[in-house]
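Residue numbers (the working numbering), protein chains in the order written: chain P, 475 to 719; chain B, 1217 to 1628.
Because the hints were derived from the structure by calculation, they are not lab data. Hints may be right or wrong, so weigh each one.
[To be verified] Non-contacting residues of chain P with respect to chain B, defined by C-beta distances greater than 12 angstroms in every case (computed):
| no. | residue |
| --- | --- |
| 1 | THR495 |
| 2 | GLN499 |
| 3 | ASN501 |
| 4 | GLN525 |
| 5 | ARG552 |
| 6 | ASP596 |
| 7 | GLY620 |
[To be verified] Okay, derived cross-link-like pairs now, SDA-like style, lysine to any residue, Cα gap no bigger than 25 angstroms in a straight line:
| no. | chain 1 | residue 1 | chain 2 | residue 2 |
| --- | --- | --- | --- | --- |
| 8 | B | LYS1379 | B | PRO1263 |
| 9 | B | LYS1334 | P | GLY604 |
| 10 | B | LYS1411 | P | ARG512 |
| 11 | B | LYS1411 | P | ARG542 |
| 12 | B | LYS1334 | P | GLY586 |
| 13 | P | LYS688 | P | PRO698 |
For glycine and all other residues, C-beta sits at the position ideal for the given N, C-alpha and C.
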Amino acid sequence: MASMNESGLRLVWVYPDLLSTYGDQGNVLVVERRARQRGLAVHRIDVRSDQPIPTSGDIYLIGGGEDRPQRLAAERLRRDGGLTRAVDNGAIVFSVCAGYQILGHEFVNDLGQREPGLGLLDVTSTRGEGERCVGDVLADMDERLGLPQLTGFENHQGVTHLGPTARPLARVRLGRGNGTGDGTEGAWNDTVFGTYMHGPVLARNPQIADLLLKLALDVNALPPVDDRWYEALRAERIAAATQPA
Amino acid sequence: MAGNTEPLPPRAKLAVTAGKAAAAVSRAAGRGSGSVIGGKVALKLDPDLLARLAQNLDVVLVSATNGKTTTTRLIAEALRAVGPVVSNALGANMPAGITAALAGSGDARYGVIEVDEKYLPAVARDTTPKAIALLNLSRDQLDRAGETRMLAERWREGLSGSKAVIVANADDPLVVWAASSSPNVVWVAAGQEWKDDAWSCPACGGVMQRPGDDWFCGECGFRRPTPSWALSGDHVLDPHGSAWPIHLQLPGRANKANATTSAAVAAAFGVPPQVALERMYSVTAVAGRYDVVSYQGREIRLLLAKNPAGWLETFSLIDPPPAPVILSVNARGADGTDTSWLWDVDYSRLAGRPICVIGDRKLDLAVRLEVAGVDFQVCENATEAVRQCPPGRIEAIANYTAFQDLRRIVGN
Ligand SMILES: [Zn+2]
């Protein structure tokens, strides 16, 4: 676990060359900014898919991507093995969309075949038969997390089923989330999180960024930062989702 | 390469007339220029109309994520050196709009046509172009346009049998992938600042190596072709190695790149680079873009940027700090309803100057700028934003519908 030592917080962005399609860099920027605002030194490590994943990171972020890059990312992550070792070491992982699917047991790749994931989350993804899920989402976060409502933007075809050891990250009020029809959105266990929300999701839900920091630092609270614009954006998007134009 | 002037068969004539009537009705009803609705009516009456209208013309198609409207205009100006030109100058770039534009072709000999990226294969099939200019491909409105690499793949399939001269940007791996199945390609080193859609080899998925201006796939050997034309500083280098100065009234590196591609296209029609480039100087603004308007004692330059690559090119052409900027972003249908692309734009490059943000999605911009660590002000509307800026030049950068809103307010 990271402490406020000289090396600072090690923030690892996994495969931006393959998995950074919908502004996913935003999640990295938000975590980095909010850590620095708390006076933490941040060592950000962007890992391209031809480089090894460092195993000593504190927080790993994985974004969304198109179908072929998703398959390539899964192949390279499986071969590399570093992310699994990092999780074994207690690292925090936050993943979005294609990245979320890769963390599960398997998903359907661009060739229509079942592609094994990393098995870090107890979820299994398939391709939805219906229309693509696109639009604003409003959901209640899992009560164990004690966080305010989740607001996000979804754009995916995938459907993700949760196994017994994964908890839903949230329950949707508006939107599709996991696409299973049971109202769940995303999944988490103690240290690994997955969501279909873009937006990017941490810009609309800075409390989740803070949760990742708290878990990584093993603290219960962080000094407050100025959340004025985040709160204004949240209020606007929640209102927009509730009263569509 | 001039076409003959075969008369239109009766059904096509009827379709053109009906289309014009529909356009007139649409105009009278106050629904814009009417060109698209006219084209839709005409295409319904005669689905082959586009092909028939094009057969009397030497057609040039222009497609890209960014710069297609401007480049279409530059090529049209260059080709006017050798004959009358018809063009969809207002940017109606889908089949109906293109049909409407060509229906008014009169005695034109050349058709210079901007084509929406998704429709390029279909329009290329219908119009049998003599040349096709491909400038760049990058992420744009992913919530409706789909994957960028898939678009390159569809171009590649659609153009593989084309007899056209493909004038393509050697610096964009996705464009090279799209063009390299064609038998007749003229490569242009036109540059491409944005690189984040082509780190993965379009051929094999390998990781792309990009030392300096070069690029290649370390796994399959797919690599940057040797260009015969190049943009070099303020000059166009032609295939004989001669350097021709670029004098444009349009600002920025991207427009020099557009001029370079346009010169290469013009040369395919026998227009020497010197003549082509001289003619391009007459272009001042394109559908309001780059226009400078006086408003409330300030000079506002109107700049359109619709996607991360476009914003990146725009940041490189604006006046240096302390010139103020107004940023406006909407997320209506024509913009794409997803604003996540804002996070792919490096707004920290605007540090050190006054920044005012407006538009439907000003709060998305506010959070983006907050995280970028730059100072900014959120304003209710354009008028308030202009008042916040000191007298002098203001750079106003907006995405599609925000740009239209801005033009209406500042009176251009
Ligand atoms: Zn390759």
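Here's how the hints hold up against the structure:
Not every C-beta of chain B lies more than 12 angstroms from that of THR495 of chain P, the closest at about 7 angstroms, which undercuts listing it as non-interface. For GLN499 of chain P, the shortest C-beta to C-beta distance to chain B comes to about 5 angstroms, within the 12 angstroms cut-off, and the non-interface label is violated. Not every CB of chain B is more than 12 angstroms from the CB of ASN501 of chain P (nearest about 8 angstroms), against its label as outside the interface. Not every beta carbon of chain B lies more than 12 angstroms from that of GLN525 of chain P, the smallest distance being close to 9 angstroms; the non-interface claim is violated.
Listed as a non-interface residue, ARG552 of chain P keeps its Cβ farther than 12 angstroms from every Cβ of chain B; the least gap is roughly 15 angstroms. No beta-carbon of chain B is positioned within 12 angstroms of the beta-carbon of ASP596 of chain P; the least distance is around 28 angstroms. Once the 12 angstroms rule is applied to beta carbons, GLY620 of chain P is consistent with being away from chain B; the minimum gap is 23 angstroms. Between LYS1379 of chain B and PRO1263 of chain B the alpha-carbon distance is near 23 angstroms, which keeps this suggested pair within the 25 angstroms criterion.
Using a Cα cut-off of 25 angstroms, the hinted pair LYS1334 of chain B and GLY604 of chain P holds, with the two alpha carbons roughly 23 angstroms apart. Using a Cα cut-off of 25 angstroms, the hinted pair LYS1411 of chain B and ARG512 of chain P is violated, with the two alpha carbons roughly 33 angstroms apart. Of the supplied pair hints, the one linking LYS1411 of chain B and ARG542 of chain P holds, its CA atoms being roughly 18 angstroms apart against a limit of 25 angstroms. With a C-alpha separation of about 24 angstroms, the suggested pair LYS1334 of chain B and GLY586 of chain P falls inside the 25 angstroms cut-off, and the hint holds.
Among the hinted pairs, LYS688 of chain P with PRO698 of chain P is consistent with the structure: their alpha-carbon atoms are about 13 angstroms apart, no more than 25 angstroms.
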